[in-house]
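Q: These protein sequence lines are chains A and B, in that order.
Residue numbering for the first sequence follows UniProt numbering, beginning at 1 and increasing consecutively.
Residue numbering for the second sequence follows UniProt numbering, beginning at 1 and increasing consecutively.
Hints were generated in silico from the structure; no laboratory data involved.
Honestly, I wouldn't trust all of these hints.
No copy labels: a pair is met if it fits in one copy or bridges any two.
EDC-like cross-link-like pairs, simulated, lysine to aspartate or glutamate; straight-line CA separation at most 16 Å [to be verified]:
1. LYS242 with GLU263
2. LYS113 with ASP331
3. LYS318 with ASP245
4. LYS328 with GLU112
5. LYS91 with ASP3
6. LYS23 with ASP76
7. LYS285 with GLU263
8. LYS90 with ASP3
9. LYS91 with GLU299
10. LYS157 with GLU143
11. LYS285 with ASP219
12. LYS159 with GLU49
13. LYS52 with ASP26
14. LYS285 with GLU14
15. LYS157 with ASP94
16. LYS308 with GLU263
17. LYS191 with ASP219
18. LYS285 with GLU182
19. LYS285 with ASP245
20. LYS318 with ASP282
There are 2 protein chains.
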Amino acid sequence: MLDQISSPTLLLNEQICRNNLKKMADKAKRNGMKLVPHFKTAQSQQIGEWAKEYGIREITVSSIKMAEYFCGQGWDNIHIAFPFNPRETKKINDLAKDQSLSVQLINVAVTEKLAMELENPLGFFIEIDAGYGRTGVAVTDFELIEGIMRMAIKTDKLKFKGFYIHAGHSYYEKDIEKLYDETRAALNMLKNKYRSEYPELVTRTGDTPGCSVIEDFGDIDEMGPGNFVFYDLMQVNLGSCKREDIAVALAVPVVDIHLGRKEILVHGGGVHLAKDVLTEPDGSKNFGEVVFLNENGWEIPSERSFLKSISQEHGLIKASDELLAKVKVGDLLGILPIHSCMTADCMGAYLSLNGQIVDHVEGH
Amino acid sequence: MLDQISSPTLLLNEQICRNNLKKMADKAKRNGMKLVPHFKTAQSQQIGEWAKEYGIREITVSSIKMAEYFCGQGWDNIHIAFPFNPRETKKINDLAKDQSLSVQLINVAVTEKLAMELENPLGFFIEIDAGYGRTGVAVTDFELIEGIMRMAIKTDKLKFKGFYIHAGHSYYEKDIEKLYDETRAALNMLKNKYRSEYPELVTRTGDTPGCSVIEDFGDIDEMGPGNFVFYDLMQVNLGSCKREDIAVALAVPVVDIHLGRKEILVHGGGVHLAKDVLTEPDGSKNFGEVVFLNENGWEIPSERSFLKSISQEHGLIKASDELLAKVKVGDLLGILPIHSCMTADCMGAYLSLNGQIVDHVEGH
Numbered sequence: 001m002l003d004q005i006s007s008p009t010l011l012l013n014e015q016i017c018r019n020n021l022k023k024m025a026d027k028a029k030r031n032g033m034k035l036v037p038h039f040k041t042a043q044s045q046q047i048g049e050w051a052k053e054y055g056i057r058e059i060t061v062s063s064i065k066m067a068e069y070f071c072g073q074g075w076d077n078i079h080i081a082f083p084f085n086p087r088e089t090k091k092i093n094d095l096a097k098d099q100s101l102s103v104q105l106i107n108v109a110v111t112e113k114l115a116m117e118l119e120n121p122l123g124f125f126i127e128i129d130a131g132y133g134r135t136g137v138a139v140t141d142f143e144l145i146e147g148i149m150r151m152a153i154k155t156d157k158l159k160f161k162g163f164y165i166h167a168g169h170s171y172y173e174k175d176i177e178k179l180y181d182e183t184r185a186a187l188n189m190l191k192n193k194y195r196s197e198y199p200e201l202v203t204r205t206g207d208t209p210g211c212s213v214i215e216d217f218g219d220i221d222e223m224g225p226g227n228f229v230f231y232d233l234m235q236v237n238l239g240s241c242k243r244e245d246i247a248v249a250l251a252v253p254v255v256d257i258h259l260g261r262k263e264i265l266v267h268g269g270g271v272h273l274a275k276d277v278l279t280e281p282d283g284s285k286n287f288g289e290v291v292f293l294n295e296n297g298w299e300i301p302s303e304r305s306f307l308k309s310i311s312q313e314h315g316l317i318k319a320s321d322e323l324l325a326k327v328k329v330g331d332l333l334g335i336l337p338i339h340s341c342m343t344a345d346c347m348g349a350y351l352s353l354n355g356q357i358v359d360h361v362e363g364h
Numbered sequence: 001m002l003d004q005i006s007s008p009t010l011l012l013n014e015q016i017c018r019n020n021l022k023k024m025a026d027k028a029k030r031n032g033m034k035l036v037p038h039f040k041t042a043q044s045q046q047i048g049e050w051a052k053e054y055g056i057r058e059i060t061v062s063s064i065k066m067a068e069y070f071c072g073q074g075w076d077n078i079h080i081a082f083p084f085n086p087r088e089t090k091k092i093n094d095l096a097k098d099q100s101l102s103v104q105l106i107n108v109a110v111t112e113k114l115a116m117e118l119e120n121p122l123g124f125f126i127e128i129d130a131g132y133g134r135t136g137v138a139v140t141d142f143e144l145i146e147g148i149m150r151m152a153i154k155t156d157k158l159k160f161k162g163f164y165i166h167a168g169h170s171y172y173e174k175d176i177e178k179l180y181d182e183t184r185a186a187l188n189m190l191k192n193k194y195r196s197e198y199p200e201l202v203t204r205t206g207d208t209p210g211c212s213v214i215e216d217f218g219d220i221d222e223m224g225p226g227n228f229v230f231y232d233l234m235q236v237n238l239g240s241c242k243r244e245d246i247a248v249a250l251a252v253p254v255v256d257i258h259l260g261r262k263e264i265l266v267h268g269g270g271v272h273l274a275k276d277v278l279t280e281p282d283g284s285k286n287f288g289e290v291v292f293l294n295e296n297g298w299e300i301p302s303e304r305s306f307l308k309s310i311s312q313e314h315g316l317i318k319a320s321d322e323l324l325a326k327v328k329v330g331d332l333l334g335i336l337p338i339h340s341c342m343t344a345d346c347m348g349a350y351l352s353l354n355g356q357i358v359d360h361v362e363g364h
């Protein structure tokens with residue numbers, strides 16, 4: 001399989017990916033929750049088929065374009081976890097003809113446009129901002145919540161499904177348990193407040209660090225993590241997983257070795273990995289870590305080596321003595337990504353360990 | 001033209017792009033230099049055709065895949081400005097059948113592989129590291145330079161063209177004049193040292209900040225800047241250009257407005273813009289700046305507004321009062337990119353101001 005690779009190629013270890021899917025599906029089941037994984041990470045119909053084997057019937061995506069890619073694949077529902085963009089009303093009308101879809105609403109203006117122009121049934125969640133500050137209705141802004149609800153009932157096409165929180169500050173906050181106390185409390189309060197009016201409403205949370213680490217989800221009904229299908233070094237850093245759980249590695253050709261500086265130059269840069277970065281304890285930057293590739297996948301070296309800098313196509317590895325002793329020009333190395341969602345999006349396809357291309361949404 | 005846009009779309013202002021091409025072509029001519037623009041930025045056959053109108057006959061690219069995209073388009077030569085990756089020897093043999101190509105060599109191992117396996121003529125530059133430390137032979141490492149030369153003459157297929165310096169530290173160094181003193185001196189020294197043996201050797205330099213700012217290139221023969229065709233905010237910051245010279249802007253739909261926080265949420269994130277970032281004087285991050293779109297292109301507001309944070313698909317604008325007074329949900333805003341090469345690579349296509357799709361290399 002490695003012989004067929006001449007340029008940067010994203011390797012996918014199916015077994016690790018399936019383990020990650022199974023583990024999260026088991027956890028959801030254990031907690032009586034529905035798992036609706038976020039496919040902004042994998043963006044793959046093939047990986048969708050694997051997910052179905054673990055009882056997954058619905059998925060989440062982050063754009064209409066991505067929803068379109070998964071339409072007609074037998075999903076019970078596709079949830080577009082993004083504040084609905086009113087310029088795409090025509091597209092949602094087209095897609096919703098043949099596929100059960102839901103969106104997120106956070107203001108009255110967009111709800112009104114949908115209420116007036118929707119031609120087919122469409123579910124919606126109200127997205128709640130539980131303090132992350134990126135998007136969503138403030139958890140105590142009942143006026144806005146009820147404004148959206150009142151506007152939605154002007155049409156029989158919009159169906160309120162419940163409340164969604166993306167606790168995205170779990171990526172910054174070290175105390176995920178404390179954060180989940182707030183998430184649980186917020187969703188519980190909203191459910192109690194509105195369930196007499198909407199007896200079928202559900203609550204959903206969606207971040208990988210939380211879904212990986214937390215054991216007690218209280219009465220939250222659904223989870224929608226995305227990154228867990230592959231994981232990455234950012235998640236290792238957050239404590240969501242181990243390096244061994246990372247399911248993708250970028251194979252990069254070695255083009256030069258500088259023994260004096262202990263540096264290795266590879267073909268693999270920002271257009272392949274994206275530019276997400278971690279900071280090492282000594283302040284140096286880490287754009288991805290080296291693994292040794294073999295025909296069965298990859299092996300994590302005992303001494304760490306990492307990409308200390310990248311430009312558009314170049315990557316410069318700060319190399320351990322172990323790596324320098326092994327490597328020669330023309331070899332392939334593997335790079336575990338910092339942020340696998342972005343790396344997969346840059347690469348636009350995967351190569352499985354048995355040499356098969358695995359699909360990914362193309363373009364944006 | 002704006003009516004047809006419903007999701008993030010990269011707008012290209014042909015007139016600004018042509019002005020940038022013309023200005024650099026004029027500057028090269030004024031200095032008696034050959035301009036060999038680096039198409040890792042535009043990655044477009046159409047923009048290649050525009051370049052030809054300004055007398056450009058050769059281009060630079062950063063990978064074999066990109067070279068392949070431009071083969072058969074009538075270029076006198078395509079230079080692959082990347083240390084040659086020996087795993088791609090078969091590909092270079094295939095491409096070099098019908099297209100004049102050149103590569104960069106920085107070590108003996110790869111030169112030896114080419115000397116043994118090349119089937120068609122191939123030019124090469126020796127890339128010199130003038131202190132940037134990313135890649136290249138140290139300027140005084142004559143042993144390595146001559147090692148490469150000696151290995152290359154073992155075949156009649158490899159033709160030494162000269163020395164190439166990418167003075168990439170012009171992106172970090174404020175004193176570009178001083179830097180160019182070193183670049184000029186290094187290339188001049190190498191030319192004098194080897195031109196009795198290689199009378200046709202040329203010297204080439206390649207960074208946009210240097211090529212934009214410097215007026216005296218000494219006896220450097222060729223220039224290969226890339227970013228100048230579009231420019232971007234990083235280049236504005238470096239003093240290479242003005243905001244008005246930026247030829248691309250990402251059109252993004254407004255999905256929510258938070259008057260209290262003076263924030264605007266748009267559909268436009270890391271998968272569209274890439275994650276290159278500038279730091280504002282107050283320490284906040286800037287992932288791109290807002291312009292007002294109109295049917296003739298865009299207008300730079302008198303008060304700055306910028307993307308203070310982005311995630312995979314979300315962008316959060318810190319908005320001026322001027323912007324807040326004008327904007328409503330469902331509008332389109334333009335975002336000038338921090339690093340246009342990366343944004344164009346993420347988007348994979350352009351929309352011209354008259355509504356035509358302009359091509360870009362797909363995938364990696």
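Q: Run every hint past the structure and note whether it holds.
A: Hint check:
For a Cα distance limit of 16 Å, the shortest separation of LYS242 from GLU263 qualifies neither inside one copy, at 26 Å, nor across copies, at 37 Å. In this assembly of identical chains, the alpha carbons of LYS113 and ASP331 lie at most 16 Å apart only when taken from different copies (13 Å versus 56 Å within one copy). For the identical chains of this complex, LYS318 and ASP245 are neighbours neither inside a copy (23 Å) nor across copies (37 Å), given an alpha-carbon limit of 16 Å. For the identical chains of this complex, LYS328 and GLU112 are inter-copy neighbours only, at 14 Å across copies versus 62 Å inside a copy, given an alpha-carbon limit of 16 Å.
Taking CA atoms no more than 16 Å apart as the test, LYS91 paired with ASP3 passes between copies only; the shortest distance there is 14 Å, against 43 Å inside one copy. Taking the shortest Cα distances, LYS23 and ASP76 never come within 16 Å of each other, neither inside one copy (22 Å) nor across copies (57 Å). In this assembly of identical chains, LYS285 and GLU263 lie within 16 Å of each other by CA distance solely inside one copy; the values are 14 Å within and 30 Å between copies. When the C-alpha separation of LYS90 and ASP3 is checked against a cutoff of 16 Å, the pair qualifies only between copies, where the shortest distance is 13 Å, while the shortest distance within a copy is 47 Å.
In this assembly of identical chains, LYS91 and GLU299 lie within 16 Å of each other by CA distance neither inside one copy nor across copies; the values are 45 Å within and 29 Å between. In this assembly of identical chains, LYS157 and GLU143 lie within 16 Å of each other by CA distance neither inside one copy nor across copies; the values are 22 Å within and 76 Å between. Proximity of LYS285 and ASP219 under a CA criterion of 16 Å is satisfied in neither setting, with 40 Å inside one chain copy and 38 Å between copies. Within a single copy, LYS159 and GLU49 get their C-alpha atoms no closer than 28 Å, and across copies no closer than 52 Å, so neither meets the 16 Å cut-off.
Taking the closest pair of Cα atoms, LYS52 and ASP26 come within 16 Å of each other only inside a single copy of the chain (13 Å); across copies the shortest separation is 60 Å, beyond that limit. In the homo-oligomer, the alpha carbons of LYS285 and GLU14 never lie at most 16 Å apart, since the shortest distance is 30 Å inside one protomer and 37 Å across protomers. Taking CA atoms no more than 16 Å apart as the test, LYS157 paired with ASP94 passes inside one copy only; the shortest distance there is 14 Å, against 58 Å between copies. Taking CA atoms no more than 16 Å apart as the test, LYS308 paired with GLU263 passes inside one copy only; the shortest distance there is 9 Å, against 34 Å between copies.
In this assembly of identical chains, LYS191 and ASP219 lie within 16 Å of each other by CA distance solely inside one copy; the values are 9 Å within and 74 Å between copies. Neither within a single protomer nor between protomers do LYS285 and GLU182 lie at most 16 Å apart by alpha-carbon distance, with minima of 33 Å and 28 Å respectively. In the homo-oligomer, the alpha carbons of LYS285 and ASP245 never lie at most 16 Å apart, since the shortest distance is 22 Å inside one protomer and 32 Å across protomers. Within a single copy, LYS318 and ASP282 get their C-alpha atoms as close as 13 Å, which meets the 16 Å cut-off; across copies the closest is 32 Å, which misses it.
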